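*Asks:* Each chain is listed here by its residues.
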Amino acid sequence: MSTLGLIRMGDNTLVLGQRVSEWCGHAPALEEDIALANTALDLIGQTQLWLGLAAEREGEGEGRTADTLAYHRDAWDFRNVLLVEQPNRDFGVTMMRQFLFDAWHLEALKALAAHEDAEVSAIAQKSVKEVTYHRERSSDTVIALGDGTEESHARMQAALDRLWPYVGEMFSTDDDDLTDMAALRPTFDAYLETVLTEATLVRPDSDFAHMGGKTGARHTEHLGHMLATMQVLPRSYPDATW
Amino acid sequence: MVTARTSVDEVWAWLADVPDPEIPVISLVDLGIIRDVRWQGDTLEVTVTPTYSGCPATAIINMEIEAALRANGIEKLSLKRKIAPPWTTDWMTQAGKAKLESYGIAPPQPAGGPERCPHCQSTSVEKISQFGSTPCKAQWRCTDCLEPFDYFKCI
Numbered sequence: 001m002s003t004l005g006l007i008r009m010g011d012n013t014l015v016l017g018q019r020v021s022e023w024c025g026h027a028p029a030l031e032e033d034i035a036l037a038n039t040a041l042d043l044i045g046q047t048q049l050w051l052g053l054a055a056e057r058e059g060e061g062e063g064r065t066a067d068t069l070a071y072h073r074d075a076w077d078f079r080n081v082l083l084v085e086q087p088n089r090d091f092g093v094t095m096m097r098q099f100l101f102d103a104w105h106l107e108a109l110k111a112l113a114a115h116e117d118a119e120v121s122a123i124a125q126k127s128v129k130e131v132t133y134h135r136e137r138s139s140d141t142v143i144a145l146g147d148g149t150e151e152s153h154a155r156m157q158a159a160l161d162r163l164w165p166y167v168g169e170m171f172s173t174d175d176d177d178l179t180d181m182a183a184l185r186p187t188f189d190a191y192l193e194t195v196l197t198e199a200t201l202v203r204p205d206s207d208f209a210h211m212g213g214k215t216g217a218r219h220t221e222h223l224g225h226m227l228a229t230m231q232v233l234p235r236s237y238p239d240a241t242w
Numbered sequence: 001m002v003t004a005r006t007s008v009d010e011v012w013a014w015l016a017d018v019p020d021p022e023i024p025v026i027s028l029v030d031l032g033i034i035r036d037v038r039w040q041g042d043t044l045e046v047t048v049t050p051t052y053s054g055c056p057a058t059a060i061i062n063m064e065i066e067a068a069l070r071a072n073g074i075e076k077l078s079l080k081r082k083i084a085p086p087w088t089t090d091w092m093t094q095a096g097k098a099k100l101e102s103y104g105i106a107p108p109q110p111a112g113g114p115e116r117c118p119h120c121q122s123t124s125v126e127k128i129s130q131f132g133s134t135p136c137k138a139q140w141r142c143t144d145c146l147e148p149f150d151y152f153k154c155i
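Chain order of the listed sequences is C and W.
Numbering-wise, the first sequence is residues 1 to 242 according to my numbering.
Numbering-wise, the second sequence is residues 1 to 155 according to my numbering.
If you're looking for bench data, these hints aren't it; they were derived computationally from the structure.
Because the structure is a prediction, the values reported are computed rather than measured.
As a list, the in silico SDA-like pairs of lysine to any residue whose alpha-carbon atoms are at most 25 Å apart:
(1) W/80 <-> C/52
(2) W/127 <-> C/144
(3) W/82 <-> C/114
(4) W/82 <-> C/122
(5) W/82 <-> C/121
(6) C/129 <-> W/21
(7) W/127 <-> C/132
(8) C/110 <-> W/154
(9) C/129 <-> W/113
(10) W/82 <-> C/125
(11) W/80 <-> W/18
(12) W/80 <-> C/48
(13) W/80 <-> C/60
(14) W/127 <-> C/32
(15) W/82 <-> W/9
(16) W/80 <-> W/57
(17) W/80 <-> C/63
(18) W/76 <-> W/41
(19) C/129 <-> W/84
(20) W/127 <-> C/153
(21) C/110 <-> W/91
(22) W/80 <-> C/59
(23) W/82 <-> C/113
(24) W/80 <-> C/121
(25) W/80 <-> W/5
(26) W/80 <-> C/241
(27) W/80 <-> C/64
(28) C/129 <-> W/109
(29) C/110 <-> C/191
(30) W/127 <-> C/21
(31) C/129 <-> W/91
Here chain C stands alone, though its shape is the one from the complex:
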């Protein structure tokens, strides 16, 4: 099995976990701040499992760990989808990004829970429990804000329109993926329709999709800036330990 599939899973949770943690101390309400920090924590925990397994499978010759994969690779070596590296912008964009990711993530993890590789299956089974909560919360928030005030509705529709071109990449797939991601699309679409209808939001017509994150061909400029903040300490002080 290629370790690239493991790295893709781990890079998605790492990059989104870092993005979400940027809200810590800044969220619009205390409960939201706590919820975002907890979500970020779950995602970083999952990252340790995915990247830890990837490093182990690469073998001792590479000498890498989950930490070296997170802190000592540059933007072009990351294999996360473009959606998760998009900036937080306002709370509506953050929660719409979370909802779109959670809806894909839960389906992907459910499929991976049945993976023939016992370690992949174990990580997926563990993560499914956490991500079920993530999706419940982000769905509730999208519905509350979409079907909220005129202002919140307009912001959620704008967030959906802005992020929609990044949805398609999650369902692009190749042999390095741990499961056929394209096969997850019908279930995702059905769930999306339920939530968007309740949220009184309109799914954009065009299914144009930006690509290049999970293949590493072309990340958006945002990733490098994010990594500069995330990686500065271990790169400035290479001997630093936890």
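Model the placement of chain W on the given structure of chain C, informed by the hints.
*Replies:* Then chain W, alone, in the frame of chain C:
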């Protein structure tokens, strides 16, 4: 120096005295995260499962297990992490659930929400947020006594 191997039952009894670092009213055994205790030759092997994959208490828990066992004279110790099957609140002991409630934290319920307010026992409760002060808890409120309280999420 321990000359004879301590019985596994005795080790379980020691671990039942180690409090959870975040919720000290319950022990690690109450929480259901100690999955196995066994001797491998002259090495004591303790298997621990995390509650949530990113729970920052995990590292502290391992330190506390080691400290407790060393204090009881265990010299050769191996701590193993096991994530499958994933931890479930079904593994929490009944005694642990009762201790949580008397501490002011509503214990996990299969229905997905607290059975009653841990302060006044009213069943009129509402959810504030799916997340709380630690990854394992959610925030709820009693609509009778108006007190907010933590609910231990059922997973």
